[in-house]
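Chains as they are written, first to last, in our numbering: chain A, 59 to 441; chain B, 264 to 620.
A few of these clues could be false.
[Stated by the list, open to error] Non-contacting residues of chain A with respect to chain B, defined by C-beta distances greater than 10 angstroms in every case (computed):
#, residue
1, 166
2, 183
3, 208
4, 381
[As the list claims (entries may be wrong)] Here are a few chain B residues that sit away from chain A, every Cβ distance over 12 angstroms (derived from the structure):
#, residue
5, 320
6, 389
7, 418
8, 500
[Stated by the list, open to error] Partial list, computed: chain B residues near chain A (C-beta under 8 angstroms):
#, residue
9, 284
10, 409
11, 415
12, 434
13, 601
Treat the hints as calculated values from the structure; they're not laboratory data. Each residue gets a CB set at the ideal place from its N, CA and C atoms; glycine is no exception.
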Amino acid sequence: MSALADRARSPWFSRGLATAVLLGAAVLPFFFDSGGPFIEDLTVALAYVVMALGLNIVVGFAGLLDLGYVAFFAIGAYTIGWFGSGFFSAAGGGEGIHFGVSAVAAQLPGIHLNFLIVLVIAVVVTAVAGMLIGLPTLRLRGDYIAIVTLAFGEIIGRVAINGDELGVGAYKLTNGRQGITPVDKIDLPGLAPFTSLELRPWYWTALAMVVVVLVVNIRLRDSRLGRAWVAIREDEVAAVSMGVPLVRTKLLAYATGAAFGGISGAFLGSFLNTVNADQFAFSFSIFILAMVILGGLGSVWGVVVGAISLSFINTLLIPDVLNPIPRQLGLEFDLTQLSFGIFGFLLVIMMVLRPEGLIPSRRRQIELREGEAAEETVLEARA
Amino acid sequence: MEAASVPARRPAASILDRIRGVLGRIGLPILLLALPVAFGVNDLITEGDLSRLGNNLVDGLSNGAIWALVALGYTLVYGIIELINFAHGEVFMIGSFVAFGFAGTLGLTLATGPLGLVAGLLVTLLVCMIASGALNVMIERVAYRPLRDAPKLTALVAAVGFSFILQNVGILWLGGSQRGIPDLIGSQAVLFDAFGVTVSRGDVLAVAATVPLVALLTAFVSRSRMGRAMRATAQDPEAARLMGINVDTTIAVTFLLGGLLAGAAGLIYALYQTTIWFFQGFLAGLIAFTAAVMGGIGNLRGAVLGGLIIGCIQQISDNRVEVLGPEWTPAVVFAYLVLIMVLKPQGLLGEETREAG
């Protein structure tokens, strides 16, 4: 056990493992049908990884429990809904506004910007939104932060639902529960525009986003800023007296975490081909939070594993594998309705039995197990 | 805390601090009066009297009485272990479901005579209270007690998990859509009417059931031996333990009390609204939590006051379809929650707590 742990601690071992995993992930789609549901599930799972890594910065690194992360998914998705669809059909005098898009999209009314520009806008807008939401929580601690972020998430969800009543002239804010659809497909320079029949390019784009976000996450964690986050998580008063600028550090955590959510939201808006207010419910925030907690708060690789496993529990295990079981037992209910009950159960079980998650960050584990050290040795001796 | 985070390096900071100080003292009352005053003036101009606002406030107070009962559960639990019992709204929802199920078992229908109805509802009230109380104690035992020494976030996440589990219990029980229940008390029937303000049976029921419950609770907490143990544990669990108080039992009793009130609120809500569904607890929980925070969390009188105020705000927002309407009400309530947190985290009657200070 300890020999394996020692080897896992060596940087070359973990770097090698990471490279192998990523290479494996890159060739994976060749083994599956490019238009098939499995690639679709994989792509969505990768988008969730990006979001979970973003939330991990806020909750895992900086210890600010954010229960309204869905707000950034919503804002990111609306960015592509606004700037990459026919939604603002009156824009540019009905001709539309186009920039860097394919010849087909250039004929359509509405605002159509290249996906990369949309990404940049999404990052900026969500980062600003993250800071704005973070501002009122600066004086608060613990549970109160959770409630304020939750309230913001719900307010943004409400605005998304009722946004079809808000607007100026021919422009509405959102399309409410009807959703903005169709949304422009990703159109990267030098590549043919993506289609909904060929899903491999989507997958690789998502994978590339995951890699970028992973690198950013790891570099941030090991940076001065990352250490400041961990310091305020562990003891805010001590961190401040050691000279950590509290306001800036916290706001940067909110902004970075939010920006990742925005990237993923813009991607999902394009991939799912709709930006619908029903997507932005409180339960989604919990879904992402459950990924972070399942994997291990603050642990980058743990969060990746947590996000992929929960995503697959949601898209494969519950609907396809577990769902027929109640019927076989003669019970009349649809298990997919209960997926959030299953997540809730996972959360409780995880918290009670293994609060540090599947692949805990070492520091976090020490923190959580501080008081239980004695008990732990007894258990180990018995095992 | 503030001095440490914002170093006083500019003279502007002192002006900002003074503004913040003034806002802290009077900001919250101004905020709370904004909606009623604005709509009251609007009514006076457009209709010439205040009967519409009056009706909103009557409905709001009776609705708020229900929120007050739920908010008491939040404030009791937060007062003693500083945990936002996220599953509390769902305990309230289960109370409503038990009311629906048990009233059906008793055979209470619209045809039941008044005497049978009163007796049946009293029994149902007891059953709902006991069911929700037991559920709340069970949650504490299973999910919160093992985590009492762990970081707070852990218990809060477990609470969120439990709230999802209970919502799904609700889905399994009565399905995923709203369920109408027989209007046993005729809650819309007008009892009396004064100056264009009508008071319905539902309004009277909500207030008549809430007042004795709150009085009993206050008496219990301030007079009884166990109530004293609760207050001692809230102040300092370690010292309370040293004084021979069984802290585990005391905390369990606190959860029991919160659950009993939530169960009662569940029955009253079911009779008052005549529709129940699995998701009612989520919004009710957040509204009630807002109420508890508004009054000053940990403060019993504050929770009741906050419940009544939030009830009024919610009714006003629900009723003003031309500006806000029910679909905006959650956003209005949440905006209030955020503004309270910014202006005065300790609430109207509360003391500075460690969390919010």
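Checked hints:
Remark: the non-interface label on residue 166 of chain A is consistent with the geometry, its nearest Cβ contact in chain B lying 31 angstroms away (cut-off 10 angstroms). Once the 10 angstroms rule is applied to beta carbons, residue 183 of chain A is consistent with being away from chain B; the minimum gap is 20 angstroms. The beta carbon of residue 208 of chain A is not kept farther than 10 angstroms from every beta carbon of chain B, the shortest such distance being approximately 8 angstroms. Every CB of chain B is more than 10 angstroms from the CB of residue 381 of chain A (nearest about 14 angstroms), matching its label as outside the interface.
Distance check on residue 320 of chain B: its Cβ is at least 24 angstroms (rounded) from any Cβ of chain A, clearing the 12 angstroms threshold; non-interface status holds. Taking the minimum C-beta to C-beta distance to chain A, about 29 angstroms, the non-interface status of residue 389 of chain B holds against the 12 angstroms cut. With a least CB separation of 7 angstroms from chain A, residue 418 of chain B falls inside the 12 angstroms interface cut-off, contrary to its annotation. Under the 12 angstroms C-beta cut-off, the non-interface status given to residue 500 of chain B relative to chain A holds; the minimum distance is some 15 angstroms.
A least Cβ separation of about 13 angstroms between residue 284 of chain B and chain A goes past the 8 angstroms threshold, and the interface hint is therefore violated. With 8 angstroms as the threshold, the beta carbon of residue 409 of chain B comes within range of chain A, its nearest partner Cβ sitting at about 5 angstroms, so the hint holds. A cut of 8 angstroms between beta carbons decides the hint on residue 415 of chain B: the least distance to chain A is about 5 angstroms, and the hint holds. With 8 angstroms as the threshold, the beta carbon of residue 434 of chain B comes within range of chain A, its nearest partner Cβ sitting at about 6 angstroms, so the hint holds.
A cut of 8 angstroms between beta carbons decides the hint on residue 601 of chain B: the least distance to chain A is about 5 angstroms, and the hint holds.
Checked against the numbered hints given earlier, this structure breaks hints 3, 7, 9; the rest are met.
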